[in-house]
Amino acid sequence: MKRLKTMLHVDFRRMFTMPLLYIMVGICMVIPVLILVMTTMMDGSVSVNPQTGVETVIEGFDNAWQIIGTVSGSDSAMVMDMTSMCNINLLYFAVAVLACIFVSDDFRSGYAKNLFAVRSKKGDYVISKTVVCFVGGALMFLAFFAGSLLGGTIAGLPFDMTGFGVDGLVMCLLSKIFLMLLFVAIAVLASCVGKQKLWVGLVGSCMVGMLFFMMIPMLTPLNATAMNAVLCLAGGAIFSVGLGLISKTVLNKTSLV
Amino acid sequence: MNAIEIKGLTKNFGSKQALKGLNMTVPVGAIYGFIGENGSGKSTTEKLMCGLLVPDGGSIKLYGKDYRDAEVRSHVGVLIESPGCFPNYSVWNNMLLQAANLGIKNAEAEVRKVLKIVRMEGAASNKFKNCSLGMKQRIGIAFALLGNPKLLILDEPINGLDVDGMRIMREVLADIAKLGCTVVISSHVLGELEKIATHYGIVRGGKMIKEMTAAELEASCRTYVALQTKEMNRAKALLACKYSRVEEDENGLLRVYDAKEPEEIVQYLYDNGILISEIKTAKIGLEEYYIDLMKEGK
Chain A
1 MKRLKTMLHV DFRRMFTMPL LYIMVGICMV IPVLILVMTT MMDGSVSVNP
51 QTGVETVIEG FDNAWQIIGT VSGSDSAMVM DMTSMCNINL LYFAVAVLAC
101 IFVSDDFRSG YAKNLFAVRS KKGDYVISKT VVCFVGGALM FLAFFAGSLL
151 GGTIAGLPFD MTGFGVDGLV MCLLSKIFLM LLFVAIAVLA SCVGKQKLWV
201 GLVGSCMVGM LFFMMIPMLT PLNATAMNAV LCLAGGAIFS VGLGLISKTV
251 LNKTSLV
Chain B
1 MNAIEIKGLT KNFGSKQALK GLNMTVPVGA IYGFIGENGS GKSTTEKLMC
51 GLLVPDGGSI KLYGKDYRDA EVRSHVGVLI ESPGCFPNYS VWNNMLLQAA
101 NLGIKNAEAE VRKVLKIVRM EGAASNKFKN CSLGMKQRIG IAFALLGNPK
151 LLILDEPING LDVDGMRIMR EVLADIAKLG CTVVISSHVL GELEKIATHY
201 GIVRGGKMIK EMTAAELEAS CRTYVALQTK EMNRAKALLA CKYSRVEEDE
251 NGLLRVYDAK EPEEIVQYLY DNGILISEIK TAKIGLEEYY IDLMKEGK
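In order, the protein sequence lines correspond to chains A and B.
Each residue of the first sequence is one higher than the one before, counting from 1 in our numbering.
Each residue of the second sequence is one higher than the one before, counting from 1 in our numbering.
No wet-lab data here; the hints were simulated from the structure.
Careful, some of the hints might be misleading.
Said to hold, decoys possible - With a straight-line Cα cutoff of 25 Å, these simulated SDA-like cross-link-like pairs (lysine to any residue) come out:
1) B/Lys127 x A/Asp160
2) A/Lys122 x B/Phe13
3) B/Lys129 x A/Pro19
4) B/Lys105 x A/Lys253
5) A/Lys197 x B/Lys207
6) B/Lys207 x B/Asp56
7) B/Lys136 x A/Lys253
8) A/Lys121 x B/Lys283
9) A/Lys253 x B/Thr10
10) A/Lys248 x B/Glu71
11) A/Lys197 x B/Glu81
12) B/Lys129 x B/Ser74
13) A/Lys2 x B/Glu248
14) B/Lys127 x A/Arg14
15) B/Lys61 x A/Val10
16) B/Lys129 x A/Arg108
17) B/Lys178 x B/Lys127
18) B/Lys127 x A/Leu8
19) A/Lys2 x B/Tyr67
20) B/Lys61 x B/Trp92
21) B/Lys136 x A/Arg14
22) A/Lys248 x B/Thr10
23) B/Lys105 x A/Arg3
24) A/Lys248 x B/Lys136
25) A/Lys248 x B/Gly205
26) A/Lys5 x B/Trp92
27) A/Lys122 x B/Asp69
28) A/Lys5 x B/Asn148
29) B/Lys136 x A/Lys2
30) A/Lys253 x B/Gly58
31) A/Lys5 x B/Ser74
32) B/Lys7 x B/Gly205
As the list claims (entries may be wrong) - Chain A side only, calculated, beta carbon under 8 Å to chain B, not exhaustive:
33) Arg3
34) Thr6
35) Asn114
36) Leu115
37) Phe145
38) Thr225
39) Lys248
40) Ser255
Model, not experiment: these values are computed from the prediction.
We put the CB at the ideal spot given by N, CA and C, even for glycine.
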């Protein structure tokens, strides 16, 4: 336990002193502003396919909260259009990128070698990375949320809360953050497999993450309840423990250099 | 008790057998020179000892316990290949991170102490990426020294260093030896190793072919007579008729290996009308012993 605390302390220090986190947080803040402003500017514009002559009307966001999620049971929840794809759920992949770089950096610099060659337990390592990347990812989610408020205001979109309340919005955000545990654990596992090879971690976590990606809107609607949050927390925790055990086994059974 | 005891260690990388039942014994307090050609299995053995690789067979015991034992591992300091630092962090911050990972209480004092041992106290604020190779290797040793280890495993710490770097490293290693810890050093720079090692292990093709103490090496290193004359070719031909091994070395001297006394060579050549301009007796060093051993094997 003492070793884990030490490792967490060191990893938190590393995470919060590395520019990557702040770059990612900055990007997460800018992305919703860009999406909301640009889609609002393009809203209603028509593009014509020169070969078929078919006209396509570009539809932007009607409501600033659409970038966070959709209301369960609403029409928009059923449709996979641009607004349902370009939303906060993209961050699961951004968090995976953060986690992959963070873990792979350990192996590329030789820091992991130092840890394992001496006295650190592989289980502690996996827990520490998962927890620290989870906190880093949560910051990215909050930055995205702040960016959404800013972007919605700049774009002049309504913050219409029909069908959900503030509590639903908070539970939606919490559910999304808790569910991130799963994606962080996937990224840590993929990075433990890839080690120095960052691309293995990135490709692996994106591919495996895709399997779970489609269920996010269902689990985290804007009208989420405490049950959604609990389910996401339980699911995230169970998956992260399971995947963490696999990561530990990978580290135990494979060469670390 | 031995600091390291390895029996029948095997390791395969795919179809390539890197270690073929390697045995190794390092007594407590020894400075163990671990010698071998590239790809002979030195680094693999060291990585296995550190738990960075998983062995396919055999046993590794450190101070009588399995190498995976957490208690025994807490007494091991390691430098494998590179120090394992974050390039954009300063040397000081890298050291503090490692000290924190090791759970060292008075981290700053400990870091200062080990940086002093490796003569790096003046460069603590430098970014790691700006350090020279010699400095990086010394930082690696400082990493290994954190937490007062009883056993140090250093993988090629002197390779690639310039003359000055080599001199500093020799001093550092001599100071470490005085601390009383057991040190395993693998290196190709045998001349430097010879100055500090108390024990040697020579590995070839994944097997230990010879283990000996420095005294045993001294005893088994043959004495030879080196001489120079104006008629080298004739002298060589004459000496080759009488002695079983006569060679010309890189300094242009003739080496006669199985002569009892230099006087007998002087007399023999004089009788054949050859005058000697220079003559001396010497012993082959570790490097030549190693080369001989490798030649015998081939």
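Cross-check of the supplied hints:
Between B/Lys127 and A/Asp160 the alpha-carbon distance is near 52 Å, which puts this suggested pair outside the 25 Å criterion. Only pairs whose Cα atoms come within 25 Å are accepted, and A/Lys122 paired with B/Phe13 is accepted, the gap being roughly 22 Å. Distance hint between B/Lys129 and A/Pro19 is fulfilled; the C-alpha atoms sit about 17 Å from each other, no more than 25 Å. A distance of roughly 32 Å separates the Cα atoms of B/Lys105 and A/Lys253; the hinted pair therefore is violated under the 25 Å criterion.
Restraint check: the Cα-Cα separation between A/Lys197 and B/Lys207 comes to about 31 Å, which exceeds 25 Å; the hinted pair is violated. With a CA separation close to 15 Å, the supplied pair B/Lys207 and B/Asp56 stays within the 25 Å bound. Pair hint B/Lys136 plus A/Lys253 does not hold up; C-alpha atoms about 30 Å apart against a cutoff of 25 Å. The hinted pair formed by A/Lys121 and B/Lys283 fails the criterion: a straight-line CA distance of about 49 Å is larger than 25 Å.
The hinted pair formed by A/Lys253 and B/Thr10 meets the criterion: a straight-line CA distance of about 16 Å does not exceed 25 Å. As the CA atoms of A/Lys248 and B/Glu71 are separated by approximately 20 Å, the hinted pair is consistent with the 25 Å bound. The hinted pair formed by A/Lys197 and B/Glu81 meets the criterion: a straight-line CA distance of about 18 Å does not exceed 25 Å. For the given pair, B/Lys129 sits about 28 Å from B/Ser74 by alpha-carbon distance, which is inconsistent with the 25 Å threshold.
Distance hint between A/Lys2 and B/Glu248 is unfulfilled; the C-alpha atoms sit about 64 Å from each other, more than 25 Å. Restraint check: the Cα-Cα separation between B/Lys127 and A/Arg14 comes to about 16 Å, which is no more than 25 Å; the hinted pair holds. Restraint check for B/Lys61 and A/Val10: not satisfied, since their Cα atoms lie roughly 30 Å apart, outside the 25 Å limit. Restraint check for B/Lys129 and A/Arg108: satisfied, since their Cα atoms lie roughly 14 Å apart, inside the 25 Å limit.
Straight-line distance between C-alpha atoms of B/Lys178 and B/Lys127 comes to about 30 Å, which puts the hinted pair past the 25 Å bound. Restraint check: the Cα-Cα separation between B/Lys127 and A/Leu8 comes to about 24 Å, which is no more than 25 Å; the hinted pair holds. For the proposed pair A/Lys2 and B/Tyr67, the alpha carbon gap of about 22 Å is at most 25 Å, so the pair holds. Annotation: proposed proximity of B/Lys61 to B/Trp92 is violated, straight-line Cα distance about 33 Å (limit 25 Å).
A threshold of 25 Å between alpha carbons decides the hint, and for B/Lys136 with A/Arg14 the separation of about 21 Å falls inside it, so the pair holds. Between A/Lys248 and B/Thr10 the CA atoms are separated by roughly 24 Å; this keeps the pair inside 25 Å, and the hint holds. A threshold of 25 Å between alpha carbons decides the hint, and for B/Lys105 with A/Arg3 the separation of about 13 Å falls inside it, so the pair holds. Distance check on the hinted pair: A/Lys248 and B/Lys136 sit about 30 Å apart at the alpha-carbon level, beyond 25 Å; violated.
Straight-line distance between C-alpha atoms of A/Lys248 and B/Gly205 comes to about 32 Å, which puts the hinted pair past the 25 Å bound. Under the criterion of a C-alpha separation no larger than 25 Å, the hint pairing A/Lys5 with B/Trp92 is consistent with the structure, at around 22 Å. Restraint check: the Cα-Cα separation between A/Lys122 and B/Asp69 comes to about 14 Å, which is no more than 25 Å; the hinted pair holds. Distance hint between A/Lys5 and B/Asn148 is fulfilled; the C-alpha atoms sit about 22 Å from each other, no more than 25 Å.
Annotation: proposed proximity of B/Lys136 to A/Lys2 is violated, straight-line Cα distance about 30 Å (limit 25 Å). Pair hint A/Lys253 plus B/Gly58 holds up; C-alpha atoms about 16 Å apart against a cutoff of 25 Å. With a CA separation close to 17 Å, the supplied pair A/Lys5 and B/Ser74 stays within the 25 Å bound. Taken as a hint, the B/Lys7 and B/Gly205 pair is honoured in the structure, with Cα atoms around 16 Å apart against an allowance of 25 Å.
The beta carbon of A/Arg3 is positioned within 8 Å of a beta carbon in chain B (closest approach about 7 Å), and the interface hint is therefore held. The restraint placing A/Thr6 at the interface with chain B holds, with a minimum CB-CB distance near 5 Å, inside the 8 Å limit. At its closest, the beta carbon of A/Asn114 sits 4 Å from a beta carbon of chain B; the interface hint therefore holds under the 8 Å criterion. Among the interface hints, the one on A/Leu115 holds; its C-beta lies about 6 Å from the nearest C-beta in chain B, closer than the 8 Å criterion.
Taken as an interface hint, A/Phe145 does not check out: its beta carbon lies about 30 Å from the nearest beta carbon of chain B, beyond 8 Å. Hint status for A/Thr225 relative to chain B: violated, with the closest Cβ pair at about 42 Å, above 8 Å. Here the hint on A/Lys248 is broken, as its CB sits about 14 Å from the closest CB of chain B, past 8 Å. A least Cβ separation of about 5 Å between A/Ser255 and chain B falls short of the 8 Å threshold, and the interface hint therefore holds.
In this structure, the earlier hints numbered 1, 4, 5, 7, 8, 12, 13, 15, 17, 20, 24, 25, 29, 37, 38, 39 are contradicted, and the remaining ones agree with it.
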